[in-house]
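Chemist: Sequence:
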Amino acid sequence: MKTTIKKWGINAEGIGYLHHKPVFIKGALPDEVVSFTLEKEMPRYSIGHLQSILKESPRRRKSPCAYADQCDGCALMHVDYKGQCQMKMQILKQTLAKYAGYRGKINPLIKNESVLGYRNSCKMPVKQVDGKIRLGMYKAESNTFVSIPRCIVHQKGLEQTRQMLESIFNTYSMQSYDFQTESGLRTVVIKEFEEKIQVILVTGQDTLDAEMLKEISQLEQVVSIWQSIKTDNSVDIYGKEMRLLYGQKTMELHLDDLVLQLLPRSFFQLNTRQAYRLYHYVKDLIQPCDVLVEAYSGIGAMSLMLAKKAKKVIGIEYIEDAVKNANENAQRNHLKHVSFVCEDAGKALRDMKETIDALVVDPPRTGLDALMKEVILKKQPNQIVYVSCNPSTLAKDLKQLQEIYQIKSVQPFDMFSQTQHVETVALLSKLDVDKHIDVEIKLDELDLTSAESKATYAQIKEYILEKFDLNVSTLYIAQIKKKCGIELREHYNKSKKEKQVIPQCTPEKEEREVKK
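The numbering of the sequence shown is the numbering used here, which starts it at 1 and goes up by one.
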(Lines of atoms letter the chains of each structure in order from A and count residues from 1; the text may use other names and numbers.)
(Lines give C-alpha, C1' and ligand atoms only; values in the text may rest on other atoms or scores of the structure.)
Protein backbone atom coordinates (compact mmCIF):
# COMPACT_ATOMS: atom_id res chain seq x y z
CA MET A 1 0.00 0.00 0.00
CA LYS A 2 1.10 3.58 -0.54
CA THR A 3 -0.03 7.03 0.55
CA THR A 4 1.01 10.68 0.48
CA ILE A 5 1.78 12.10 3.93
CA LYS A 6 -0.37 15.19 4.49
CA LYS A 7 0.70 16.42 7.92
CA TRP A 8 2.40 15.67 11.22
CA GLY A 9 0.83 13.75 14.08
CA ILE A 10 1.31 14.99 17.62
CA ASN A 11 3.86 12.23 18.35
CA ALA A 12 5.88 13.01 15.19
CA GLU A 13 4.20 10.39 13.02
CA GLY A 14 3.35 11.19 9.44
CA ILE A 15 -0.40 11.16 8.70
CA GLY A 16 -1.63 9.90 5.36
CA TYR A 17 -5.04 8.61 4.29
CA LEU A 18 -6.21 5.18 3.20
CA HIS A 19 -9.79 4.92 1.94
CA HIS A 20 -10.48 8.36 3.49
CA LYS A 21 -9.29 7.18 6.91
CA PRO A 22 -6.14 8.62 8.56
CA VAL A 23 -3.19 6.28 8.90
CA PHE A 24 -0.35 7.13 11.30
CA ILE A 25 3.09 6.09 10.03
CA LYS A 26 6.12 6.46 12.31
CA GLY A 27 9.17 7.81 10.49
CA ALA A 28 7.27 9.36 7.56
CA LEU A 29 7.38 13.12 6.84
CA PRO A 30 4.81 15.49 5.32
CA ASP A 31 4.89 15.64 1.49
CA GLU A 32 6.51 12.22 1.25
CA VAL A 33 5.01 9.37 -0.76
CA VAL A 34 5.57 6.13 1.15
CA SER A 35 4.75 2.47 0.95
CA PHE A 36 3.58 0.81 4.14
CA THR A 37 1.90 -2.19 5.70
CA LEU A 38 -1.01 -2.02 8.13
CA GLU A 39 -0.09 -2.85 11.74
CA LYS A 40 -3.40 -2.03 13.38
CA GLU A 41 -6.78 -0.96 12.07
CA MET A 42 -9.21 0.92 14.30
CA PRO A 43 -12.70 2.22 13.48
CA ARG A 44 -11.50 5.82 12.97
CA TYR A 45 -7.81 5.48 12.17
CA SER A 46 -5.07 2.99 11.29
CA ILE A 47 -1.43 2.53 12.25
CA GLY A 48 1.00 1.72 9.48
CA HIS A 49 4.57 0.44 9.38
CA LEU A 50 6.88 2.31 7.02
CA GLN A 51 8.28 0.05 4.30
CA SER A 52 9.98 2.44 1.90
CA ILE A 53 10.04 6.09 0.84
CA LEU A 54 8.97 6.56 -2.77
CA LYS A 55 9.28 10.35 -2.76
CA GLU A 56 11.52 11.93 -0.13
CA SER A 57 10.93 15.20 1.73
CA PRO A 58 13.66 17.87 1.43
CA ARG A 59 13.48 18.04 5.24
CA ARG A 60 14.67 14.44 5.66
CA ARG A 61 18.30 13.85 6.67
CA LYS A 62 20.51 11.00 7.77
CA SER A 63 20.20 10.74 11.54
CA PRO A 64 23.31 12.02 13.37
CA CYS A 65 22.59 9.41 16.08
CA ALA A 66 23.34 5.75 15.39
CA TYR A 67 20.87 4.59 18.04
CA ALA A 68 17.84 6.81 17.31
CA ASP A 69 15.76 4.00 15.81
CA GLN A 70 16.44 1.76 18.80
CA CYS A 71 15.93 3.91 21.90
CA ASP A 72 12.97 6.08 20.75
CA GLY A 73 14.24 8.95 22.90
CA CYS A 74 14.44 11.44 20.02
CA ALA A 75 11.60 11.14 17.52
CA LEU A 76 12.93 13.76 15.08
CA MET A 77 16.56 12.77 14.56
CA HIS A 78 15.78 12.05 10.88
CA VAL A 79 14.41 15.59 10.33
CA ASP A 80 16.57 18.69 9.76
CA TYR A 81 16.20 21.53 12.24
CA LYS A 82 14.05 23.66 9.95
CA GLY A 83 11.65 20.73 9.60
CA GLN A 84 11.61 20.17 13.37
CA CYS A 85 10.63 23.79 13.96
CA GLN A 86 7.91 23.58 11.30
CA MET A 87 6.52 20.45 12.94
CA LYS A 88 6.32 22.07 16.38
CA MET A 89 4.62 25.18 15.03
CA GLN A 90 2.11 23.10 13.04
CA ILE A 91 1.18 20.90 16.00
CA LEU A 92 0.78 23.90 18.32
CA LYS A 93 -1.31 25.80 15.77
CA GLN A 94 -3.68 22.95 14.95
CA THR A 95 -4.03 21.89 18.61
CA LEU A 96 -4.95 25.39 19.81
CA ALA A 97 -7.45 25.72 16.96
CA LYS A 98 -9.02 22.31 17.56
CA TYR A 99 -9.36 22.35 21.35
CA ALA A 100 -9.31 26.04 22.31
CA GLY A 101 -10.83 27.56 19.17
CA TYR A 102 -7.82 29.88 19.04
CA ARG A 103 -6.76 30.92 15.54
CA GLY A 104 -4.92 34.09 16.48
CA LYS A 105 -1.27 34.94 16.17
CA ILE A 106 1.40 32.54 17.42
CA ASN A 107 4.81 34.12 17.78
CA PRO A 108 7.74 32.52 15.91
CA LEU A 109 9.39 29.64 17.76
CA ILE A 110 12.32 30.72 19.94
CA LYS A 111 14.94 28.32 18.64
CA ASN A 112 17.48 26.32 20.57
CA GLU A 113 21.02 27.64 20.06
CA SER A 114 22.47 24.18 20.80
CA VAL A 115 20.38 21.53 19.04
CA LEU A 116 22.76 18.81 20.28
CA GLY A 117 24.57 18.57 23.62
CA TYR A 118 21.99 20.67 25.48
CA ARG A 119 20.58 18.27 28.06
CA ASN A 120 21.87 18.91 31.61
CA SER A 121 20.74 15.66 33.24
CA CYS A 122 19.96 12.04 32.51
CA LYS A 123 18.21 9.21 34.33
CA MET A 124 19.28 5.91 32.81
CA PRO A 125 18.14 2.44 33.87
CA VAL A 126 20.79 -0.25 34.33
CA LYS A 127 20.75 -3.80 32.97
CA GLN A 128 23.14 -6.72 32.68
CA VAL A 129 23.82 -7.37 28.96
CA ASP A 130 26.11 -10.29 28.07
CA GLY A 131 27.53 -10.22 31.58
CA LYS A 132 28.33 -6.48 31.50
CA ILE A 133 26.62 -3.53 33.19
CA ARG A 134 25.00 -1.28 30.58
CA LEU A 135 23.25 2.09 30.89
CA GLY A 136 20.47 2.60 28.40
CA MET A 137 16.81 3.26 27.68
CA TYR A 138 13.58 1.34 27.30
CA LYS A 139 11.90 1.41 23.92
CA ALA A 140 8.65 3.38 23.93
CA GLU A 141 5.67 1.49 25.37
CA SER A 142 7.69 -1.68 25.99
CA ASN A 143 10.00 -3.46 28.42
CA THR A 144 12.70 -3.82 25.78
CA PHE A 145 16.00 -2.46 27.10
CA VAL A 146 18.38 -0.82 24.63
CA SER A 147 22.01 -0.21 25.56
CA ILE A 148 23.13 3.30 24.55
CA PRO A 149 26.92 3.57 24.06
CA ARG A 150 26.69 7.31 23.28
CA CYS A 151 23.97 9.98 23.56
CA ILE A 152 24.51 13.15 21.53
CA VAL A 153 21.85 15.31 23.22
CA HIS A 154 23.65 15.11 26.58
CA GLN A 155 26.01 17.91 27.56
CA LYS A 156 29.61 16.96 26.81
CA GLY A 157 30.82 16.58 30.40
CA LEU A 158 27.72 14.68 31.44
CA GLU A 159 28.07 12.18 28.58
CA GLN A 160 31.78 11.64 29.19
CA THR A 161 31.06 10.96 32.86
CA ARG A 162 28.26 8.54 31.96
CA GLN A 163 30.55 6.49 29.74
CA MET A 164 33.34 6.41 32.35
CA LEU A 165 30.87 5.35 35.06
CA GLU A 166 29.80 2.37 32.97
CA SER A 167 33.44 1.32 32.66
CA ILE A 168 34.04 1.73 36.41
CA PHE A 169 30.94 -0.32 37.30
CA ASN A 170 32.24 -3.21 35.19
CA THR A 171 35.74 -2.93 36.65
CA TYR A 172 34.26 -3.46 40.13
CA SER A 173 31.81 -6.16 38.97
CA MET A 174 28.67 -4.23 39.90
CA GLN A 175 25.42 -6.12 39.27
CA SER A 176 22.11 -4.78 38.02
CA TYR A 177 19.18 -4.83 40.45
CA ASP A 178 17.77 -8.18 41.57
CA PHE A 179 14.22 -7.94 42.94
CA GLN A 180 14.58 -11.17 44.96
CA THR A 181 17.74 -10.18 46.82
CA GLU A 182 16.87 -6.45 46.78
CA SER A 183 20.40 -5.59 45.79
CA GLY A 184 22.20 -4.15 42.79
CA LEU A 185 22.23 -1.00 40.70
CA ARG A 186 18.82 0.16 39.38
CA THR A 187 19.28 3.61 37.89
CA VAL A 188 22.07 6.13 37.40
CA VAL A 189 21.20 9.84 37.56
CA ILE A 190 23.77 12.42 36.44
CA LYS A 191 23.36 16.21 36.55
CA GLU A 192 25.67 18.86 35.16
CA PHE A 193 25.43 22.55 36.06
CA GLU A 194 28.16 25.08 35.36
CA GLU A 195 30.65 22.33 34.46
CA LYS A 196 30.21 20.53 37.79
CA ILE A 197 28.65 17.09 38.03
CA GLN A 198 26.54 15.27 40.60
CA VAL A 199 26.14 11.46 40.45
CA ILE A 200 23.20 9.69 42.10
CA LEU A 201 23.30 5.88 42.27
CA VAL A 202 19.87 4.32 42.85
CA THR A 203 20.43 0.88 44.38
CA GLY A 204 18.95 -1.78 46.62
CA GLN A 205 20.23 -2.43 50.14
CA ASP A 206 23.84 -2.23 48.99
CA THR A 207 27.03 -1.11 50.69
CA LEU A 208 28.99 0.31 47.79
CA ASP A 209 32.66 -0.49 47.27
CA ALA A 210 34.83 2.27 48.80
CA GLU A 211 37.49 1.98 46.10
CA MET A 212 34.84 2.28 43.39
CA LEU A 213 33.45 5.44 45.02
CA LYS A 214 36.96 6.88 45.28
CA GLU A 215 37.52 6.29 41.57
CA ILE A 216 34.20 7.96 40.72
CA SER A 217 35.06 10.95 42.94
CA GLN A 218 38.31 11.42 41.00
CA LEU A 219 36.51 11.90 37.69
CA GLU A 220 37.29 15.39 36.41
CA GLN A 221 34.00 17.26 37.01
CA VAL A 222 32.39 15.18 39.78
CA VAL A 223 31.76 17.20 42.96
CA SER A 224 28.98 15.15 44.56
CA ILE A 225 28.00 11.46 44.91
CA TRP A 226 24.70 10.33 46.42
CA GLN A 227 23.16 6.91 46.97
CA SER A 228 19.39 6.45 46.96
CA ILE A 229 18.03 3.22 48.51
CA LYS A 230 14.99 1.96 46.61
CA THR A 231 13.47 -1.51 46.99
CA ASP A 232 9.81 -0.81 46.17
CA ASN A 233 8.07 -0.67 42.80
CA SER A 234 6.72 2.89 43.04
CA VAL A 235 6.93 5.18 40.01
CA ASP A 236 9.27 7.56 41.88
CA ILE A 237 12.78 7.04 40.56
CA TYR A 238 14.32 7.62 44.01
CA GLY A 239 13.84 5.70 47.23
CA LYS A 240 12.94 7.32 50.54
CA GLU A 241 16.49 7.13 51.91
CA MET A 242 19.22 9.37 50.43
CA ARG A 243 22.87 9.08 51.53
CA LEU A 244 25.58 11.62 50.73
CA LEU A 245 28.69 9.55 49.95
CA TYR A 246 31.07 12.23 48.74
CA GLY A 247 31.41 15.98 48.30
CA GLN A 248 28.81 18.70 48.08
CA LYS A 249 25.27 18.28 49.36
CA THR A 250 23.85 20.56 46.66
CA MET A 251 24.61 21.78 43.15
CA GLU A 252 24.99 25.52 42.57
CA LEU A 253 23.34 27.42 39.73
CA HIS A 254 23.51 31.14 38.95
CA LEU A 255 20.60 32.98 37.30
CA ASP A 256 21.37 36.69 36.91
CA ASP A 257 22.10 37.87 40.46
CA LEU A 258 20.47 34.81 42.04
CA VAL A 259 22.39 31.87 43.49
CA LEU A 260 20.37 28.64 43.64
CA GLN A 261 21.31 25.48 45.51
CA LEU A 262 19.75 22.30 44.10
CA LEU A 263 19.22 19.20 46.25
CA PRO A 264 19.50 15.80 44.51
CA ARG A 265 15.72 15.30 44.31
CA SER A 266 15.17 18.81 42.96
CA PHE A 267 14.06 19.24 39.36
CA PHE A 268 15.34 21.94 37.04
CA GLN A 269 14.53 22.37 33.36
CA LEU A 270 16.62 19.99 31.23
CA ASN A 271 17.88 22.78 28.96
CA THR A 272 19.56 25.38 31.17
CA ARG A 273 20.09 28.05 28.50
CA GLN A 274 16.55 27.88 27.11
CA ALA A 275 15.11 27.82 30.64
CA TYR A 276 16.94 31.07 31.34
CA ARG A 277 15.46 32.64 28.20
CA LEU A 278 11.98 31.40 29.08
CA TYR A 279 12.19 32.82 32.62
CA HIS A 280 13.20 36.20 31.25
CA TYR A 281 10.36 36.12 28.75
CA VAL A 282 7.85 35.42 31.54
CA LYS A 283 9.41 38.17 33.64
CA ASP A 284 8.85 40.67 30.83
CA LEU A 285 5.18 39.64 30.56
CA ILE A 286 4.32 40.21 34.22
CA GLN A 287 3.03 43.65 35.18
CA PRO A 288 4.21 45.06 38.55
CA CYS A 289 1.69 44.08 41.21
CA ASP A 290 1.03 43.48 44.89
CA VAL A 291 0.60 39.68 45.01
CA LEU A 292 2.02 37.16 42.55
CA VAL A 293 1.49 33.41 42.88
CA GLU A 294 3.35 30.64 41.06
CA ALA A 295 1.66 27.23 41.10
CA TYR A 296 3.77 24.08 40.54
CA SER A 297 6.81 26.15 41.51
CA GLY A 298 9.37 23.34 41.98
CA ILE A 299 12.59 24.67 43.50
CA GLY A 300 11.31 28.23 43.03
CA ALA A 301 13.60 29.36 40.22
CA MET A 302 10.89 31.25 38.35
CA SER A 303 9.33 32.73 41.50
CA LEU A 304 12.72 34.05 42.56
CA MET A 305 13.35 35.48 39.09
CA LEU A 306 9.98 37.28 39.36
CA ALA A 307 10.63 38.60 42.89
CA LYS A 308 11.09 42.21 41.76
CA LYS A 309 7.71 42.19 40.01
CA ALA A 310 5.58 41.98 43.17
CA LYS A 311 5.46 43.11 46.78
CA LYS A 312 4.63 39.53 47.79
CA VAL A 313 5.43 36.30 45.92
CA ILE A 314 4.02 32.90 46.94
CA GLY A 315 5.08 29.61 45.36
CA ILE A 316 2.98 26.44 45.63
CA GLU A 317 4.53 22.98 45.25
CA TYR A 318 3.43 19.56 46.53
CA ILE A 319 6.92 17.95 46.69
CA GLU A 320 8.25 18.54 50.21
CA ASP A 321 11.96 18.48 49.34
CA ALA A 322 11.44 21.02 46.55
CA VAL A 323 9.58 23.39 48.90
CA LYS A 324 12.36 23.11 51.49
CA ASN A 325 14.90 23.79 48.75
CA ALA A 326 12.91 26.78 47.44
CA ASN A 327 12.54 28.44 50.86
CA GLU A 328 16.26 28.00 51.51
CA ASN A 329 16.99 29.63 48.15
CA ALA A 330 14.71 32.58 49.01
CA GLN A 331 16.54 33.08 52.32
CA ARG A 332 19.95 32.67 50.70
CA ASN A 333 19.11 35.45 48.24
CA HIS A 334 17.64 37.71 50.98
CA LEU A 335 14.18 37.75 49.40
CA LYS A 336 12.02 38.03 52.51
CA HIS A 337 8.85 38.73 50.54
CA VAL A 338 9.10 35.39 48.69
CA SER A 339 7.83 32.20 50.35
CA PHE A 340 6.80 28.68 49.36
CA VAL A 341 4.09 26.36 50.68
CA CYS A 342 3.82 22.58 50.39
CA GLU A 343 0.29 21.83 49.23
CA ASP A 344 -1.85 20.76 46.30
CA ALA A 345 -1.99 23.77 43.96
CA GLY A 346 -5.77 23.95 43.68
CA LYS A 347 -6.35 23.61 47.43
CA ALA A 348 -3.68 26.17 48.34
CA LEU A 349 -5.00 28.69 45.83
CA ARG A 350 -8.57 28.14 47.05
CA ASP A 351 -7.60 28.80 50.68
CA MET A 352 -5.57 31.95 50.04
CA LYS A 353 -6.95 35.09 51.67
CA GLU A 354 -4.91 37.48 49.52
CA THR A 355 -6.23 39.05 46.34
CA ILE A 356 -4.10 37.52 43.59
CA ASP A 357 -3.00 39.99 40.93
CA ALA A 358 -0.88 37.69 38.78
CA LEU A 359 -0.77 33.91 38.54
CA VAL A 360 1.96 31.84 36.88
CA VAL A 361 1.24 28.14 36.31
CA ASP A 362 3.70 25.52 35.06
CA PRO A 363 1.78 22.25 35.51
CA PRO A 364 2.86 18.71 34.58
CA ARG A 365 1.94 17.26 31.17
CA THR A 366 -1.55 16.41 32.44
CA GLY A 367 -2.34 20.12 32.73
CA LEU A 368 -4.53 21.85 35.32
CA ASP A 369 -6.88 19.63 37.30
CA ALA A 370 -10.59 20.41 37.67
CA LEU A 371 -10.22 22.06 41.08
CA MET A 372 -7.42 24.33 39.88
CA LYS A 373 -9.47 25.59 36.93
CA GLU A 374 -12.52 26.09 39.13
CA VAL A 375 -10.51 28.13 41.65
CA ILE A 376 -8.86 30.25 38.93
CA LEU A 377 -12.26 31.17 37.48
CA LYS A 378 -13.48 32.05 40.97
CA LYS A 379 -10.41 34.00 42.13
CA GLN A 380 -9.98 35.74 38.75
CA PRO A 381 -6.41 37.08 38.91
CA ASN A 382 -5.96 39.93 36.44
CA GLN A 383 -3.11 38.23 34.62
CA ILE A 384 -2.22 34.57 34.03
CA VAL A 385 0.95 33.21 32.48
CA TYR A 386 0.54 29.55 31.54
CA VAL A 387 3.79 27.66 30.88
CA SER A 388 3.08 24.31 29.24
CA CYS A 389 5.02 21.30 27.96
CA ASN A 390 1.92 19.73 26.35
CA PRO A 391 -0.04 21.58 23.62
CA SER A 392 -3.11 19.33 24.02
CA THR A 393 -3.69 19.91 27.73
CA LEU A 394 -2.76 23.58 27.32
CA ALA A 395 -5.42 24.04 24.64
CA LYS A 396 -8.11 22.18 26.60
CA ASP A 397 -7.39 24.25 29.71
CA LEU A 398 -7.42 27.50 27.72
CA LYS A 399 -10.84 26.66 26.32
CA GLN A 400 -12.30 26.67 29.83
CA LEU A 401 -10.33 29.70 31.01
CA GLN A 402 -11.62 31.71 28.04
CA GLU A 403 -14.93 32.02 29.90
CA ILE A 404 -13.29 34.95 31.69
CA TYR A 405 -9.92 35.44 29.99
CA GLN A 406 -8.69 36.31 26.54
CA ILE A 407 -5.47 34.95 25.07
CA LYS A 408 -3.13 37.90 24.56
CA SER A 409 -0.06 36.09 23.25
CA VAL A 410 1.33 32.61 22.55
CA GLN A 411 5.09 32.04 22.52
CA PRO A 412 6.62 28.61 21.76
CA PHE A 413 10.15 27.63 22.81
CA ASP A 414 12.23 24.77 21.46
CA MET A 415 13.53 23.33 24.72
CA PHE A 416 14.00 19.76 23.48
CA SER A 417 15.53 19.67 20.00
CA GLN A 418 15.41 16.31 18.17
CA THR A 419 12.14 15.47 19.97
CA GLN A 420 8.50 16.29 19.21
CA HIS A 421 8.07 18.25 22.44
CA VAL A 422 7.49 22.00 22.50
CA GLU A 423 7.30 24.37 25.48
CA THR A 424 4.69 27.13 25.22
CA VAL A 425 4.04 30.31 27.20
CA ALA A 426 0.51 31.72 26.92
CA LEU A 427 -0.43 35.10 28.37
CA LEU A 428 -4.05 35.55 29.47
CA SER A 429 -5.72 38.75 30.59
CA LYS A 430 -9.11 39.10 32.21
CA LEU A 431 -11.79 40.39 29.88
CA ASP A 432 -12.67 44.04 30.47
CA VAL A 433 -16.42 43.98 31.12
CA ASP A 434 -16.69 47.63 30.10
CA LYS A 435 -15.16 46.94 26.69
CA HIS A 436 -16.10 43.30 26.07
CA ILE A 437 -19.50 42.73 24.49
CA ASP A 438 -21.10 39.33 23.91
CA VAL A 439 -23.00 39.32 20.62
CA GLU A 440 -25.67 36.74 19.77
CA ILE A 441 -26.65 36.44 16.14
CA LYS A 442 -29.56 34.24 15.14
CA LEU A 443 -29.28 32.30 11.91
CA ASP A 444 -32.67 33.48 10.69
CA GLU A 445 -31.41 37.08 10.77
CA LEU A 446 -28.72 36.35 8.19
CA ASP A 447 -28.82 35.68 4.49
CA LEU A 448 -26.49 32.71 4.77
CA THR A 449 -27.01 31.55 1.22
CA SER A 450 -24.96 34.41 -0.17
CA ALA A 451 -21.84 33.34 1.75
CA GLU A 452 -22.10 29.83 3.08
CA SER A 453 -23.44 28.23 -0.08
CA LYS A 454 -20.26 29.12 -1.95
CA ALA A 455 -18.49 26.06 -0.54
CA THR A 456 -19.09 23.03 -2.74
CA TYR A 457 -20.07 19.68 -1.27
CA ALA A 458 -16.67 18.29 -2.22
CA GLN A 459 -14.90 21.16 -0.43
CA ILE A 460 -17.02 20.68 2.70
CA LYS A 461 -16.34 16.92 2.73
CA GLU A 462 -12.60 17.50 2.28
CA TYR A 463 -12.53 20.13 5.05
CA ILE A 464 -14.31 17.89 7.59
CA LEU A 465 -12.08 14.93 6.75
CA GLU A 466 -8.93 17.03 7.11
CA LYS A 467 -10.00 18.85 10.30
CA PHE A 468 -11.96 16.19 12.20
CA ASP A 469 -10.98 12.88 10.53
CA LEU A 470 -14.66 12.22 9.75
CA ASN A 471 -16.21 11.02 6.51
CA VAL A 472 -19.57 12.66 5.76
CA SER A 473 -21.93 12.07 2.88
CA THR A 474 -23.44 14.64 0.54
CA LEU A 475 -26.81 13.69 2.02
CA TYR A 476 -25.68 14.61 5.54
CA ILE A 477 -24.33 17.96 4.34
CA ALA A 478 -27.65 18.72 2.68
CA GLN A 479 -29.53 17.90 5.88
CA ILE A 480 -27.35 20.24 7.95
CA LYS A 481 -27.62 23.01 5.36
CA LYS A 482 -31.37 22.75 5.59
CA LYS A 483 -31.27 22.93 9.41
CA CYS A 484 -29.12 26.07 9.21
CA GLY A 485 -31.44 27.78 6.76
CA ILE A 486 -29.13 27.47 3.77
CA GLU A 487 -31.19 27.14 0.64
CA LEU A 488 -30.76 23.97 -1.42
CA ARG A 489 -31.43 23.43 -5.09
CA GLU A 490 -35.05 22.49 -5.62
CA HIS A 491 -35.72 18.74 -5.29
CA TYR A 492 -32.04 18.23 -4.43
CA ASN A 493 -32.63 15.82 -1.59
CA LYS A 494 -35.97 14.42 -2.69
CA SER A 495 -36.25 10.68 -3.17
CA LYS A 496 -37.65 9.33 -6.40
CA LYS A 497 -39.38 6.59 -4.41
CA GLU A 498 -42.61 7.14 -2.51
CA LYS A 499 -41.48 5.55 0.75
CA GLN A 500 -37.75 6.11 1.04
CA VAL A 501 -35.97 5.71 4.39
CA ILE A 502 -33.37 8.49 4.55
CA PRO A 503 -30.48 8.04 7.01
CA GLN A 504 -30.03 10.96 9.39
CA CYS A 505 -26.75 12.65 10.24
CA THR A 506 -25.32 11.59 13.63
CA PRO A 507 -25.01 14.28 16.35
CA GLU A 508 -21.20 14.00 16.24
CA LYS A 509 -21.02 14.63 12.50
CA GLU A 510 -23.70 17.32 12.72
CA GLU A 511 -21.52 19.25 15.19
CA ARG A 512 -18.53 19.11 12.82
CA GLU A 513 -20.56 20.16 9.78
CA VAL A 514 -22.14 23.10 11.59
CA LYS A 515 -18.63 24.29 12.53
CA LYS A 516 -17.73 24.25 8.85
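Keep in mind that a hint or two might mislead.
[To be verified] Straight line, CA to CA, 30 Å or less: simulated DSSO-like cross-link-like pairs of lysine-lysine: (1) K373 x K408; (2) K123 x K111; (3) K132 x K156; (4) K324 x K408.
Because the hints were derived from the structure by calculation, they are not lab data.
Chemist: Now tell me if each hint is right for this structure.
Modeler: Hint by hint, here is what the structure shows:
For the hint pairing K373 with K408, the CA-to-CA distance comes to about 19 Å; that is within 30 Å, so the pair holds. Among the hinted pairs, K123 with K111 is consistent with the structure: their alpha-carbon atoms are about 25 Å apart, no more than 30 Å. Using a Cα cut-off of 30 Å, the hinted pair K132 and K156 holds, with the two alpha carbons roughly 24 Å apart. As the CA atoms of K324 and K408 are separated by approximately 34 Å, the hinted pair breaks the 30 Å bound.
Consistency with the previously given hints fails for number 4 only.
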